[in-house]
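Below are the chains, spelled out letter by letter.
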Amino acid sequence: MKRHLISAADLSRDDALLILDTADELAKISERSIKKLPTLRGRTVVNLFFEDSTRTRISFEAAAKRLSADVINFSAKGSSVSKGESLKDTALTLEAMGADAVVIRHGASGAPHRLANWVRGSVVNAGDGTHEHPTQALLDAFTMRRRLGSLDGRKVTIVGDVLHSRVARSNVLLLATLGAEVTLVAPPTLLPVTVDSWPCEVSYDLDAVLPKSDVVMMLRVQRERMNAAFFPTEREYSRRYGLDRERVAKLHDDAVVMHPGPMNRGMEIAAEVADSPRSTIVEQVANGVTTRMAVLYLLLGGADLGGEIQ
Amino acid sequence: MKTIVIKGARILGGEPVDILVRDGVVAEIGQDLSGDETVDARGLIALPGLVDLHTHLREPGREDAETVETGTRAAALGGYTAVHAMANTDPVADTAGVVEQVWRLGQEAGHCDVRPVGAVTVGLEGERLAELGAMADSAARVRVFSDDGKCVSDAVLMRRALEYVKAFDGVVAQHAQEPRLTKDAQMNEGAVSGRLGLTGWPAVAEEAIIARDCLLAAHVGSRLHVCHLSTAGSVEIVRWAKSKGWDVTAEVTPHHLLLTDDLVEDSPVGSYNPIYKVNPPLRTRADVEALRAALADGTIDCVATDHAPHPLEDKETEWAAAAMGMIGLETALSVVQEAMVETGLLDWAGVAERMSHAPARIGRVADHGQPIEVGAPANITLYDAEARTEVDPAGYASKSRNTPYEGRSLPGRVVATFLRGRPTVLDGKLA
Amino acid sequence: MVFSLADAVSHARGSAHAVLEGPDINRALIRISHEILERTKGAEDIVLLGIPTRGVHLAQRLAAYIRQFEGRSVPVGSLDVTMYRDDLRLRPARALGRTELPSDGIDGRIVVLVDDVLYSGRTVRSALDALNDLGRPQAVQLAALVDRGHRELPIRADYVGKNLPTSKSEIVKVYLEENDGRDAVLLLKEGDK
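Chains as they are written, first to last, in our numbering: chain A, 26 to 335; chain B, 71 to 501; chain C, 7 to 199.
Because the hints were derived from the structure by calculation, they are not lab data. Where a beta carbon is used, it is the ideal one built from N, C-alpha and C, also for glycine. Don't take every hint at face value.
Mimicking DSBU-like on lysine-lysine, the simulated pairs with C-alpha atoms at most 35 Å apart in a straight line are [what the hints assert, rightly or not]: (1) A:Lys27 / C:Lys195; (2) A:Lys27 / C:Lys47; (3) A:Lys90 / A:Lys53; (4) B:Lys253 / A:Lys113; (5) B:Lys220 / A:Lys113; (6) A:Lys61 / C:Lys179; (7) B:Lys312 / B:Lys236; (8) C:Lys47 / A:Lys53.
Pairwise CB distance ranges, derived in the manner of DEER restraints [to be verified]: (9) C:His156 / A:Asp40: 30 to 40 Å; (10) A:Asp269 / C:Ser109: 40 to 50 Å; (11) A:Arg66 / C:Ala24: 34 to 44 Å; (12) B:Gly83 / A:Asp40: 52 to 62 Å.
I would like the entire structure built from these sequences, with the hints used as guidance.
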């Protein structure tokens, strides 16, 4: 594995499978009464969050603590990209604290790449702007594998605001690496104009794609996109791209419904669909801790790879 | 004034000759000339002093990034004898007072002539015309007007500006960027921006404005200059406008002739390195090819550096937070050699046309951009095309270090620059 | 039979020396299973926990012999100690082995840890720590196919297949049918690996 996990593209097929297999073993540990492992004793993991994301932060925090790492939460919320302490100064501070890994969530695409130039430790991308969120893709793949077995040849449909979705970008890359066949479904306004260069199919017709899907992943749609004329109204979006009971009925019996959260119930997903047995939404949260444990273990559990600062 | 003989220079790459300079003028060209001082130019190419239509000198307001003094030193070292100082300073160069201040600072520095560009609209706000006539009549004799950095997007205002500057033979240099299509835009909209999750800057946002402005200029019978063309589509539109006989000129920057948007994703200096963040953005290989071809065939009239200094802290940031722009005065000729001469697209006469004659003509700069011949002002650049240099901005005269070529090996080296017969650069150093 | 090229080369040079051949290994395991039965009074409460990879196969063989001799099915599991090792930082992060406890767990049981080679004792130390997090056995015992000495911790085996005096520069390689296609214990000089 590389020293950092910044993009799902950093992972070879072997790397990805190693993470998922490791997560499988670690999942057993979360079932036992003593959930803590001594593996990362003496290692320091910094959660550097420039954006509010309690869910992701807690997930990484739990993962690091279960591996006995010391966790420092560094909430830099408010230091937006245009003001406040610069990312570089923050990085130098973390470096002085001796961070072995920095988990970064940032509103600007590429911020983890920049950070990696300035710290010696491993950088784990916990979501950067509209770029990527690789651990989300790993936990999604882990969840799919638990429900469906190997992902080779599995058909995964990702529906919604692909243009602004870091979850979609990471999932497309990782699922392609793992041999799944991804179809993106969205109004054309919410797809990158060059989406045809991505390793996936594209459709504007959700109903046509559903019967062939093993997995349907619904993306959150920000209501403010409506004001920017990406789609006319919530009602129209929901009618064309929302997952309701009638649409779910088109899925085959074993197909699962996923959502990275937080959901807009009634918008992209109907409440009864979100709460149905097909839904993996609660599992995804639990699997997040396990998958992130696997990532932290594989990045930090071995010999120091000796990163250099530019 | 002492006489200087430039020995053995190859004018536009021709046969070696001696050039005798007296009283700031080329007095004689021949063999075995002698003067009070001798400059050994054997093996060097003599070009007419370069003229830049598009330079950000940052003074007044951002003296931490560049000053007229440091910027014109960089210009001289890059072989320039005249530069046009863009108006987006603080305060904006939208009054006779500011343009005269910049002009005077240039004269005091003395490294090259500084021709201030006047803002088209007050404060670059795009709402009211600035006092264009007052700037034209001032000591700075402003002839080029631009809101560069911002687009004059209001069609009526643009029409009026084009019409108004006819009275004093001015030209509006448009920064073509449709603002709504480029809201929060970060880089060229294409496969790379899609992968990187950076808001795209579509080619059409540039092309739509250029098309509109060409039509407006034709309609009112005015001169239009298009700043930093960056797309193949823009080339097509300018080519079409010229084919109609309309008075449209265009420039391209050295970096748009060499660099592409995939550097944002993968480069020797990492991913998302804002050293490559620039306005207009780096485009694709196909755009680069189209720009080179257009510069070669004259569709694009000239090379302009868009030298845009920024202090380190404005570049050592996240991509979205970083300032847009690259410095370019000290590498322009080398980049043009690599992109145009070594590819066989331009010879040295072509380089002289695109980097000296044409920009001087467009900017109405008297005494610059004239061929090296007897009686012409002795604005001369001596260039060693055989040299190769590894770019190290630490040694640059510019106050800023934001060059995208750091560590890269570029051909050629400016050995000497003469401004009206006076050496501003000798042996690659400020004289 | 699967032989690696390195084995073939070292055999040819005669520097690798087979300490135990196929039948020797099973003879040693048969003896150990008798000793376990003796020492644990019929193996009533025991759980065999193999340390991956080869310890698990040895534990399964021991369980088979015990069933053969006493007709008793002894629970077998595996205990991966990777996450408890004290030498993690000496090598790149490694893939985890399986930890699979018998369904009745280990509380109150006599746990017999099974490993192929007992050397520094650090693996066993890690296993004891791992066990600590999994439950509270009545007692923990240790079975090793080969004890090659050079202990770095106060740990000893309760059951040993073969005591093998070695120098630290030598390497002990255990091959098992289930994993490697043949049964053998080889003693290699450093560099023969």
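Can you list which hints this structure breaks, lowest number first? Violated hint: only 2; rest satisfied.
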